[in-house]
Amino acid sequence: MEEEEVRYLESKAKEIRRTIVEMIYNAKSGHIGGALSSVDILVTLFYKVLRIDPKNPASPDRDRFILSKGHSVEGYYAILADLGFINREELKTYCRFNSRLTGHPTVKVPGVEANTGSLGHGLSIGVGMALAGKMDKRNYRVYVLMGDGEQAEGSVWEAGMSASHYKLDNIIGIIDRNRLQIGGSTESVMSLESLSAKWSAFGWEVKEVDGHSFKELIDVLGNTPLTLNKPTLIIAHTIKGKGISFIENRAEWHHRVPTDEEFIKMMEELTQEG
Amino acid sequence: MGQNVLLPCRRVFSDTLFELAKEDKDIVVLTSDSRGSASVENFAEYLPEQFIEVGIAEQNLVSIASGLAGCGKKPFVFSPACFLSARSLEQIKIDVAYTNRNVKLIGVSGGVSYGPLGSTHHSLEDIAFMRAIPNMTVILPSDTNQTRVLVKKLVSYTGPVYVRMGRNPVENVYQSEAPFEIGKGNILLDGDDVTIIATGEVVKMAYDAGMLLKEKGIYARVIDMHTVKPVDEEIIIESAKKTGFIITVEEHNIKGGLGSVVAEVIVQKFPVKMVILGIPDQFAITGTQKEILRYYGITPEGICDIVLKELKG
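Heads up: the protein sequence lines correspond to chains A and B, in order. Under numbering that gives the first Met the number 0, the first residue of the first sequence is numbered 0, with each subsequent residue one higher. Under numbering that gives the first Met the number 0, the first residue of the second sequence is numbered 0, with each subsequent residue one higher.
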């Protein structure tokens, strides 16, 4: 049963990766590297974990998801379209004149909970939503996906302090730890390690997983809070550009747009079996 | 409490909100270790379930409020105006205004009311910052009677608002809870010779200046422009036509505040002579609030002198 589920998520992830590449190629704009590193996390959340309903996107009891690394928006839109929050045809307008599918998400798009794109905001917004949930005694959870480069923003740590202070076990922070940011490796730009120890010291229950293993992602994301009265922080080790061999782990693909030849090669890789 | 006891607007704001919050559990007060300066100890003590302390972290403060508002809460964020408007400016722009969340940003101890503490604690740019942000409403109440009405209005108004108040007790402009409509200036005195438009706690000086001028046979129209954005364009144009001369008075840098707002309107709609009175474009001298304002000529007499000089010239 579980294997079947994993296979389903894998095929879904491949489909979303293809849509991402198409969107970026068509728009001649986007952040392909980070979009691909976070796909498996997004797929696990949206197809397995989140209690959401595209027919009732404003339900007060819905789980909240915030894409704090707002530049990884293509996979988010692709999933929202696949689930029926928005029309699939609309994906063609991505980054076009006056489209609501802008290069960073906004609440104009059904299913989006916060306008993001400037880093270091999402976790704080999530803390506000988690506090509201506790006040109203609702059972929803709040999931916030952050970048690893984003961890250099001081406001992330303000949020971290407040979530543990208020014992918010209904918030789950996820770090897409692909180890690269626009200017190079995270450790050369601004050392983050030991990231796990930092979050532990801030009072979060920390778990490190392979961010491309659906089994590991389901195990952890499906079993929160890991500890009662403590916020959960998941460091998901990922590969920037995951799924396309010639762009994996290469910082220059943070926001490069594929040429015609590269696009064909990418789509070939993403249609292969296995 | 005796009628003659003068209170700071922040005290009255908080007390009024406290009474409303008892009946409306969605009202949530947030502070950044500023419960004393914001006068919200009553929330901390008696409505702790509607009070969130975030510590000295203004960025987190504003974003948390945005998240709360996104879940149907009515957050009122209290922090000294200098920190709230500048330290969390991007959070205000994006998480509050761009996302269009129902967050009320309450800047206390604004202007130069922290006087001797220096420019770190003065907020003389906040109107300029806030009014440049789409979706934002900017309000400076002039006295405690108006503040009381303002709070009631704010609770039923949905959308981002920045309110700036001072720190010190203020004399009344209004003798009772005066009519108040967001975006509509109040005419306190009417006359044909000059229009004095003021905002916030210096409105009283504009009024007093109007009374002094009357003794000299000069009739001033005095307007309390509590809402700087969206500004009451109609009353500005009408005043320009009626008096042909406008002086603006504010506890703010003369660049980007009320004077700029009024100038933008009249220069496009009905150009007339104008003087902008405020703090010059420099880090303000220090002293008590009164001493600072006096130094820059922001007094009833200072306003009169400008009017007399301009009308003679």
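Check before you lean on any hint, since a few could be wrong.
To be verified - Facing chain B, from chain A, some residues (calculated, C-beta under 7 angstroms):
(1) G102
(2) V106
(3) N114
(4) L118
(5) S123
(6) V126
(7) M128
(8) A131
(9) S161
(10) E204
Claimed, not checked - Below, a list of computed lysine-lysine pairs in the DSBU-like style, where the Cα atoms sit at most 30 angstroms apart:
(11) A:K107 / B:K268
(12) A:K136 / B:K151
(13) B:K21 / A:K166
(14) A:K133 / B:K311
(15) B:K152 / A:K133
(16) B:K24 / A:K54
(17) A:K133 / B:K228
(18) B:K24 / A:K206
(19) A:K264 / A:K166
(20) A:K166 / B:K24
(21) A:K136 / B:K21
(22) B:K152 / A:K136
(23) A:K229 / B:K228
None of these hints come from the bench; they were simulated from the model. It should be emphasised that the depicted structure is a prediction, and the values quoted were computed from it without experimental measurement. Glycine included, C-beta positions come from ideal geometry on N, C-alpha and C.
Give me the numbers of the hints this structure contradicts, sorted from smallest to largest. Numbers 1, 4, 10, 11, 14, 17, 18, 19, 23, in rising order.
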